Structures are given as structure tokens and as C-alpha cells.
Amino acid sequence: MSSAATARANQGIGSDEVAVLADFSQAFATTLDVTQTVRQAVEQIAAHMNAEAAALFLIDGPKGELVCRACFGPVDVTGLRVPQGRGIVGRSIKQNKVQLVQNVETDADHAGDVGGFVTRSILCAPLTTGEGAIGALQVLNKRGGELFNSHDRDILRLLAVPTTLALSNARLAEDLMEQERIRREFQLARQMQKDLLPRREKDCPVVGINMPAREISGDFYDHFQLADGRIAFCVGDVSGKGMDAALLMVRASSLLRWAGKEGTPPDLWLKRVNDEICTTVTGGRFVCVLAGYYDPVSGMLEWSNGGLPPLLLRHPGGQYRQVIADGPPLGIVPGIAYPSNRAFLGNGSAYIYSDGATDVRGEKGEPIGIEGFQSLIDGLVDLSPRARLRGLVSQLRHMKLADDTTLMLVEDLSTQAHYLGGISIHCDAECLRLVRKTVDKQLRELAVPVEVRQRLVLAIDEATANVIRHAYKGDPGGRMSLDIWRRGEALEFVLRDWAEAINKEAIKPRDLSHCRPGGLGVNLIDMVMDSWGFEQPESGNGNVLRMIKHLEFRPESNLN
Amino acid sequence: MAEKNGCTTVEEGGFQVVKVQGEVDLSWSQKLRKSILDALGKSQKVAVDLSQVTYIDSSGIAALVEGFQSARGKGQHFSLVSVSQPVIAVLELARLDRVFPIFESLDLAAQS
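Respectively, the protein sequence lines represent chains B and W. Once you know that position 408 of the first sequence is 408 in my numbering, the rest is easy, because the numbers rise by one and skip nothing. Residues are numbered in my numbering as their position in the second sequence, beginning at 1, plus a constant of 1000.
None of these hints come from the bench; they were simulated from the model. In this text the structure is predicted, and so the values were computed from the model without any measurement. The reader is advised that the hints may include incorrect statements.
[To be verified] Subject to a maximum C-alpha distance of 30 Å in a straight line, what follows is the list of computed BS3-like cross-link-like pairs (lysine-lysine):
#	chain 1	residue 1	chain 2	residue 2
1	B	Lys-437	W	Lys-1034
2	W	Lys-1034	B	Lys-473
3	W	Lys-1031	B	Lys-508
4	B	Lys-437	W	Lys-1019
5	B	Lys-441	W	Lys-1042
6	B	Lys-400	B	Lys-441
[Stated by the list, open to error] Derived, one-sided and incomplete: chain B residues facing chain W with beta-carbon distance under 8 Å:
#	residue
7	Leu-432
8	Ala-465
9	Asn-503
10	Asn-523
Ideal placement from N, C-alpha and C gives every residue a C-beta, glycine not left out.
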């Protein structure tokens, strides 16, 4: 060591160093571009320490590699990567200590030279935060053949401090900005999802509510009125969570609205959307959907279910019925057919829900299941539909909701049924005349036009004859009843028997292009009635067939 | 609806004419079926007169379809004549109004 150097080494920190430190701190404090400032800092460090070159390395990636982010000197090594722990720079970080190597040839860790630059000596200081090292600052070859000394070591260690602070702050700022950006994107996505939900409509018999478990939801619901007066509805649950689930949710809900606008039967509606989703969905994602229509005039509900929990029907008396028939979720198997279900809603309620509602944990930590969900409903039946859904949400939240949850309720109390009359008969074809007479009398009193009256009498006769022939198989001991109701502008004919339950799936209209005797009765019922379907009896065995016809009543026949 | 239900078969202008009356339903449509098939066993030309029918259901229609198919299989003449409005309405509903040969009268059926 020269005498001048020794003298400087003994000096401690001088006014020059304080000035440089102040410049550094000022530059770092005021900059918005840390990368540019670091480059300038490296150049200033090299100049101040009279070094031929200087470089700043930062730890990059999970393997702890060092990457040169800024350098000054005859060879540009920006971007140079050094494996973790390698070289003198690696050792500096590993030991968290300044390395002063006056002759690199004697140091086994020296990694070699780059681009023709001959390294003689290295001074390297780690950049250390409270959470450990983030990189290192090094200067190479003191100019004029001098050697780095302990004074230089202290200076570099000193200059490393504001550099570390600046880099650390910059990273924090970047993290914050990134978090803010993601937060804003999620907010936007959430808003988009909210915009996709249907607007509240006064007195709409279909209401829904959606509770995301996170910022955004994989669940959705929709309802809209068709030109024929029916209300289309759907509830969906996309597998997984987060942004990709949300994007699939947006696509699925758009497709459902698009495909449901035409009033396509629910089974074909789901099939169409399934085929579309299957063409684009990847990565094992799928969508559970229940979609259908509610007809406010007839009170009929028809739907198809692709993987959502069973639709829950609640009769006005408080009994529940789960309708389990369903197909697989959408997006898995293209081209498959979905079963279709029908039920008369009347003054009852239909609950449609994603599995978040039944997976929520009860007091013992077990999922509450459908029975638990029913108990929650039972406690809120006196509330209006919307208030009831809000009450359910509140209780589910209280039970620590783990998943996105969507609830939909179809309930229509706007039309009360008026009983018009009925007849109870034995299983005897001779009684058909009495049935026809009863129906004809009621229809005459309502001033139903003769053509419509004849057709309705025919359809009821066919339905009754079918019970005699097929349900009771001619057993003269069988009994049945026919009740006629008026609900708003619709007539309901309810035929009840106590025979063995029939295979309802097998009862369908046949192809009329084949001229053959027999099998016409269901066709006639289907053509005359606006809707018909079998229901589970509220009690006891047997079958219930409900047939509905919309009529334009003359004013004098208005019962309301 | 007070007419008595039933059918009688008469010979008229070379036809076996099955004259049907009243409301045809499940309670006696088998009787009508038998009458039509019996008439087809007796003559090459059968007409079913439906002028006095006030109601017919699908079991009655099935009897007519069976008669029509049997006659066609054997090259016999089979027609419905003087069909009442309630019967026409049901035939139209079942899309059978263009399947059966339908004539306003037996004379017109005989001329075909």
C-alpha cells in the first residue's frame, strides 16, 4: 500500500464521500426511474472510487441467480448471469460481507474475465435488506495500478446503503403498483360480472342473488322475458375460481342468453350451449348450469339441469321435492342430450342454487346439505321472495361461506286459483260420458267458444280413457278424480288416480305421419292443451296429470 | 248428447253401410270396430255413415283407421260419408282428414 493510500485509509469518511452520499441519496429519493438512476450511480461510484469498471448485480428468479442490471466500464456486461454462490460477487452475497480481493489470480472463486477485460482486483459489497441480500455492488481495477484498500471498502459499503434502500423501495413500489393494477382489474371484472346480472324488475316472479367468495365470482344467474310472456332463467357455476373461471363465466352466461332468447326447449338450449362451450374450453374446466322457463300464465316450470344441485320444489304446505334428473356439466362431452323436467309451480316455490349453498358448514363443521338448506328456507317463508333470498345469504355468510354461492327463487303469488268444479268416477269407460258432460258444462258457463270446448272435452276424455286403459288396466275397482281450476287466464284440469305410478318418460306424442290405429290420445292432449305434465301426488300413491289451457275469457265470464 | 249410442249395418246401393249414432268412446268403440270389420267381410264396398255422431274419441278413430287399412290391404272400397262436424274436427286434429276417402253422401261415394 502506498503512503498516500495508507494516509487516506486512515482518514475515515471525508467530505468528498459525504457529498457523494448526499448526491446518491438525493438522486434516489427524487427519481421515478430507478433503473436509469442506478446506471448513473454505478458510473459515479466508479469515478469516485477511481475504478476502471463497476457493476450492480441483483438476485433474479427462484434459483438465486445474479444478473447484472447496470455497469460502467470498457465492456458492457449488463444482463450477464452468474449462478448462485459463484464468483467473488456470489461469495459476497453468501457471506453477506464486503470482499476485498487485491489480486484475483490468487482467489479460487474468481470466475474469469468477460469480453477481453482483464480483472486484477475486485471490491464487492453486498446489498442487504432486513429480509436478506438482494444483490451486490462491485468495482474492478483501481486506476493507476493502485490497489483497493480498507478505506475503499468502507466507502463502497457506505454507498451500498442508499443503493439498497432505493432498490428496495423501488421493488416495494412496483409490488404495490402491481397489486393496485390487479386490484383494479379485478374490480373491473367484478363490475363486468355485476353488469351481466339481470336488472331487478318489480313483481318479477324470478329473483336471484350472487355472493362471490372472492373478488370475482365463477357463479352467475340470469333471467329475461320472452316475447310469448314466459320468463327464461338460468343459474351457472364455473369450476375453479379466479380470473380464468370468471372469463369462462362471462362466456357461458353470454351463450346462455343468446341461445335462450328463442325460447328453445330447455334440453335443446343446454345442448346448444354445451356444444359451443366444448369447442373452446380447455384445461378441464366445465360449467354446471340449470336453465329453463317459467310461464306466469299457466304456472308451469320447465327446465334442464347440467350438473347443478337438484331443483328444489316447495309446495305451499311446506313439503319439498328434489328433482334430480340431470345431465353432466357443460364443456365436457359434446353432442350429448339433456333430460327435460316439468313441474306445476302453482302457489309453490322453486329454489335453484349452486353448491356453495349446501356446502356451507353447520355448527358441527359438516356441510349443511340440502336438508340444512331447506331448514334455512323454512325459517324465512314469511318473507317476500327478495327478502327471503337476502335472509338466506345473511345466514349462509354467518356460517362461513367457502364457495361462490348463487340462489334463485321462482315464486308467483300473483294469480290465485279458483275452483270451478270436478267429478270423481270409477274406472269404467261408461263414466267417460259423465266426465265429458262435467267439462262441457263448466266450459259453457265460461262461454268458451264451441270449437275450443269440443277440443278440450276431447282431450280430457282421452286423458281419462288412458287412465282406465293404461294406469288401471281396466280394473273396475279403480277410482279417479278430475278437478277444474281457473288461474288468471288459464284453465287447469287436474286428473288424479291412485293406480301404480306410471312410467312418465314413456308418455309422449307419437309421429302422426304414420297412419295406424291407436296411440293417438296423447297427441290429441298435446295438440289441444298449451301444456301438460305429470306431478308427484302430494300424498299417497298414484299419478297426477295437470293439463293447462290459456283462454281469452269474455268480460262477463271474468271471475276475478 | 241424448242420442242413443250404437251402430247398425244396412245394404244400400251395393254398399254395406255402417250407420253410427251418438257418442263414440272407449265404452263401445270395440263394437264399432267389429261392425266395420264384419261389413268388410261381407262386401267389397263399405261406407261408414257418421252423420249422427255427436262425439268421437281416439278409440273410435282407431276403429275407422283399422277398417281403412284392412280394406286397402285387400283392395276394397272404404269411405266415410256424411261426416258430422264434431267428427271432422277430430279427424283434422289428428291429421287424418286427408287420409280417409270422405264423401258428402253415399251417392258421391258410389260415383268415385
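Please name the hints from earlier in the document that this structure breaks, with their numbers sorted from lowest to highest. As far as the earlier hints go, 5, 6, 9 are violated by this structure, in ascending order.
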